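Enquirer: Please assemble the complex out of the two chains, which come individually in their own frames, going by the hints.
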Amino acid sequence: MNKIFSKCLIALVGVTLSLSANAMIDLELTQGVLASVPLAVTQFQGGEVKAPGNQTLNEIVNNDLQNSGEFRVVNQGETATNNDAAQVTRLRQLGADYVLSGSVRGLVGDRYQVHFVLQSLLDGKADPNSSVLLDGNFTAPTRALRSLAHRISDEVYQKLTGVRGVFSTKIAYVLVEPLGGDKTRYQLIVADADGFRPQTLLTSYQPIMSPSWSPDARKLAYVSFEGHHANVFLQDVASGQRDLVSHAPGINGAPAFSPDGTKLALVLSVTGNPQIYLLNLRTHQLRQITNDWSIDTEPSFSADGSSLLFTSNRDGTPQIYQYSFSTGAIQRVTFDGNYNARASFTSNGQTIVLMHRGDDEFGIARFDLESGKMQSLVQGGMDESPSVSPNGKMIIYATQYSGRGVLAQVSTDGRIKLRLPSQEGAVQEPAWSPFIN
Amino acid sequence: MKIHPTYRVPLLIAVLLHVALLVAFTINMVHTHYRWHDISAAQTVVQAKTVDQKQLDMAIKQVQREQTAQQRAEQNRLHQIKQQALQAKQERVKEQRRLEEYKQHQLALQQKQAEEQKQAEQKASQLKQQIKEMRLKKLSEQQNELQDKLLQQQLKSDQQKIAQQQTAQQQKQQSEQHAAEMQGVLDKYRAQIMQAIQSNWHPVEQNSKLFCQILVHVGPGGVVTGIELIQSSGDAVLDRSARVAILKSSPLPVPTEAALFDQFRSLRIKMSPQEIKGMT
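Those sequence lines, one after another, are chains A and B. With our numbering applied, the first sequence covers 1 to 437. With our numbering applied, the second sequence covers 1 to 280.
The hints are simulated quantities; they were obtained by calculation from the structure and are not laboratory data. Keep in mind that the hints are not guaranteed to be accurate.
Unchecked claim - With beta-carbon atoms standing in for the labels, derived distance ranges:
#1 231(B) to 313(A): 51 to 59 Å
#2 274(B) to 404(A): 38 to 46 Å
#3 284(A) to 209(B): 42 to 50 Å
#4 335(A) to 231(B): 36 to 44 Å
#5 232(B) to 105(A): 35 to 43 Å
#6 227(A) to 274(B): 38 to 46 Å
#7 209(B) to 335(A): 27 to 35 Å
#8 181(B) to 136(A): 51 to 59 Å
#9 404(A) to 221(B): 51 to 59 Å
#10 268(B) to 324(A): 45 to 53 Å
#11 232(B) to 328(A): 25 to 33 Å
#12 268(B) to 338(A): 51 to 59 Å
Note that the structure is predicted; figures quoted are calculated from it, not measured. Glycine included, C-beta positions come from ideal geometry on N, C-alpha and C.
Here chain B stands alone, though its shape is the one from the complex (with noise of 0.2 Å):
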């Protein structure tokens, strides 16, 4: 049987007074039994030296009264043990409803206590629950904020998507005109430098079979800042001739505007002498 350390010490305290108790009233009774039990025993001790019937008869009815007596005596003092029991035992009763009572208390002590807690818990969680809520407002709030922003934002790309698109539309119109005019500007310049290139080539025969491919590298202002023969003719005349055009065309006709000029940078050049003007 486990028994609560907090009942131990009143437990024990309450076992060793019902001892004790127990001990003094044990003590007490058998003090007064014996001293009256000797006399008794003395007395029967003296009687028996003289004895006769009536004497004998009248210390039997002495004996009796005096064995009624002790009876009654012990009855008596059995009764009392029996009361002190039953007032040791009511005191026990009263102890242990005392106990009871004080478990009870501790009981509902303890109960007030965890109600306590747990109002506080319940408290402490409501608040929690507050907070919660607090943030999940405030939370919420941010978001609608955000969201607000955001459906601002989104409308306002949304906005300027169709502006950009319109945008975007213009500019690709523009730029498609660009490239139209662009490719006319290419190709103007191309159609220069192919006829400045030409106007200096001077092939000693004609020969549609032959051809030869150069890599003009041009720098600003037309400037011919190098030369590469990446397809031979076969002909080193042919080959030379070619390459000769080239250099006297230089400066070659090239857009000023670096934009523009950076396409030149670079001709390949295919040389083939099919026509020769001014041959019959």
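Next up, chain A with everything else stripped away, as it sits in the complex (with noise of 0.2 Å):
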């Protein structure tokens, strides 16, 4: 009896200790999908106004956050009610895991009082206080109102990714316009990443090329042909004002900035053939980086100004190397394909991004430095010229579509592939600027 009853109580003790054991389950995911966020942003209460670019607040920022990839926005145009369940659910139904609202209201004179909330569909029932993830006030005249909405949109990208936006910077491009004969204009164009707003910041008849953001982005160098020889300028952005920095016999080009501001790097021909040079912009002192017979161009530094990665033609076809400041040493970084031109590191340092011939066409590719891995993002046969965005996430880049020099954009992903409105004519080498702040 007792023997049975122990018997019993230990199987008793058993099961309860699995059960218990088993009370807990525990998972362990190691793997998720891209996907984008999606994301519900209401109409804003008084958002009729148009912003610069005769666009809405709700039409900037829609367009925005559905540009950089990360997000998809599941109810353009839906009407804000008041935050009711019965619009949770409606939102929730469309597949919304966030909200964006907001409202716009006149002040006196030209000013407008915006305020937005970004709220999680999903929180919002155990707890409404921990579903509001930002809520902002600004106050802004009609002209900053684009600036505004990009604002809005960096806050929400960084917010909802953790990394910062990039709606708030700027891309700078040249304009080609045929204007008949001979005749071509030439236009430096300083717009809002989104392609809105260009700004003219000079206009020439010879071409202009190669432009290149200062790291505080208030200024730009570039080449322009402007007497019929290639001269590095230096332009402020806001006031117009530009300085010819290099002017020296022959080829200068392919101007770009140390991380410091202090430096730039360009390609001169002194030599006979095109060599990097390093030129300190306070003291205008040149120096000698690369010295070889062949064709090195195109320089560009790395985020911690070690290094310079630059193209060379040394053994045969182009190919990336990269110059070490503190040892002197030229290492080359590519070796897959034939044709591998305008190198640049993303914000990690990990990654560079650059143009690149495999087998057949031209296209823009992403190469990791630590893994040696090569992979391709866009390969349209004609895109040339890539830049990137300062959050290393996008890429700007020159193609052709319809026989037309176009922007274009894809993330360094490859998952996001856009082009950017097109203007009259040609867009060619476009250039991200860094964070505006």
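Expert: In structure tokens form, the structure reads like this:
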């Protein structure tokens, strides 16, 4: 009897133990799925006000977030009611995880008060307060509403991705317009990262090339052929004031700012063939970096300024090389493909973005320095001049569409591809600005 | 000398009787003696006045005779006393004998009583013994009965035991089988839950070094009723992506059967973006 009882007891205890052991189920997930964040943006109350570019705040924000590739705006134009349960349910049914809502209120004079709230649609039930992720208030004149919209996009982007947004940054590019006959007009233009609000910095009837941003995003260095000779200029974006910084005999090209903004790497052909030089902008001292019989061009600094990437044909085909300032050593970086050029580091310092041709077409690729793996991102055949966004997420590049030069973007993970709104003429040589503080 | 209380009165009576008899006899003899003695004394006094040899002789003779007679009488009296004493003695002996007899009788009686008591006691003890024996018998009978019963029970329990062991074995086999099935079922649900969460998990960046741990409270039907971040990855966005993935997967595909569901009330989920499907 006792034995049976004790056996039963043991069995019972065993069951209980195994139950209690099973009471907490442990799961381990190591794989996610790449997907954009579904986000609802409801119509801002009083948001009919048009910002520069003839767009409402909603349109600008929707566009920013959608084009970033990180978001999927599920209900453009949804009218905001109060964020009641019914709306939450409806937005959830649309698949939205978050909702951005806001209001625009006219103040005296040409000013507006803009309020926006980013809420999680998933957390709300448990704790309404925990659902509010962002709550911002701004006051701005009409002309600043576009910047304000980008600012809101930046905040949403950073909140939901953990990465600083680039919607408030700028892009510089060259617009080429054939005017008939031999005459062609070249313009150096700076626009918002979404392509809106283009501002012409320079108009010339000779080619303009290789715009390059200073680290503070206040100046642009570029090559202008005005006077039929390639010279390097430095121009203040806000004031338009410009300086000729390099006018050496032969080629003066491919300027690139050092991260501290004190030096400019550039290409000179004073020795006969193009070589990399370093120009001190304060002392105007020039220092030759490369010295060989090949073409060395397109220098680009690493983020810490300790090294330079450049393109050289010293081994036959254009390949990427890295120059170390500490040792003066030059190392070949790319071996994959018969044409690699226009390399630049992304912000993480591990990846470079470049123009790449493998077996067939030219395209834009990403090269991982650690793994030595080349990853093609776009391969349109006419893709060139890649420039990486300051957060390392997007690449802007020049390509051809319907026989015209246009700007396009591709995310560094290759997921997002989009074309920027095209203007008349061909767009070339885009350069993404650093963060603008 | 101790005298038994029961003999005290008879002894006293006997003594008193003896004394009384002695006194009575003594008084009688004295009376006789004194009278007789008185006369002779008076004679003697008178005789003295007229004494002559012959007379004297005669008197002497007389006296001698008288003395002899007196002696005789005395002897008689002594004899009588002796006789009486003897008689008394005899009486006393008789009495003593009687007493003795009484004593004997008493003793006998006592003995008889003792015997009777003894017999009674014996009888009682016999009775007791009998009762005891009866009781013992009964007890033993009961014990036997009990033993029988126990034996029966033992037998029964043994049979049951065997049966139970058999069933236990069967149950064990069944439970093992059941456990295996159960594990299979659990695994199935685990996989389904993982699948559900994974398809909703969109981490922004691949990083095998980062992970967060989340405790999920699940209500009936798989509804996520609570989420606790047990361990942050240090990356707020990754933490939220995990949180969102779980919330979006609500209701989780948990078993509907109550007993099974109970095991899924709390899930501890470790999430590490080691791989992101679709990322080039």
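Enquirer: If a hint holds in the structure, say so; if it doesn't, say that too.
Expert: Consistency of the hints with the structure:
At about 52 Å, the CB distance of residue 231(B) to residue 313(A) agrees with the hint of 51 to 59 Å. Checked against the given bound of 38 to 46 Å, the beta carbons of residue 274(B) and residue 404(A), roughly 43 Å apart, stay inside it. In this structure, residue 284(A) and residue 209(B) meet the distance hint of 42 to 50 Å, their C-beta atoms being roughly 46 Å apart. Remark: the range hint 36 to 44 Å for residue 335(A) to residue 231(B) is upheld by a beta-carbon distance near 42 Å.
Taken as a hint, the range 35 to 43 Å holds for the pair residue 232(B) and residue 105(A), whose Cβ atoms sit roughly 38 Å apart. Between residue 227(A) and residue 274(B), the C-beta spacing of about 57 Å breaks the proposed range 38 to 46 Å. Distance hint for residue 209(B) and residue 335(A): a CB-CB separation of about 29 Å, consistent with the stated range 27 to 35 Å. At about 56 Å, the beta-carbon gap between residue 181(B) and residue 136(A) stays in the expected band of 51 to 59 Å.
Distance hint check for residue 404(A) and residue 221(B): the Cβ-Cβ separation is about 57 Å, which falls inside the suggested range of 51 to 59 Å. The hinted window of 45 to 53 Å between residue 268(B) and residue 324(A) holds, with their beta carbons roughly 48 Å apart. Separated by about 45 Å at the C-beta atoms, residue 232(B) and residue 328(A) break the suggested range of 25 to 33 Å. Between residue 268(B) and residue 338(A) the C-beta distance comes to about 53 Å, which sits within the given range of 51 to 59 Å.
The structure is inconsistent with the numbered hints 6, 11, although it conforms to all the rest.
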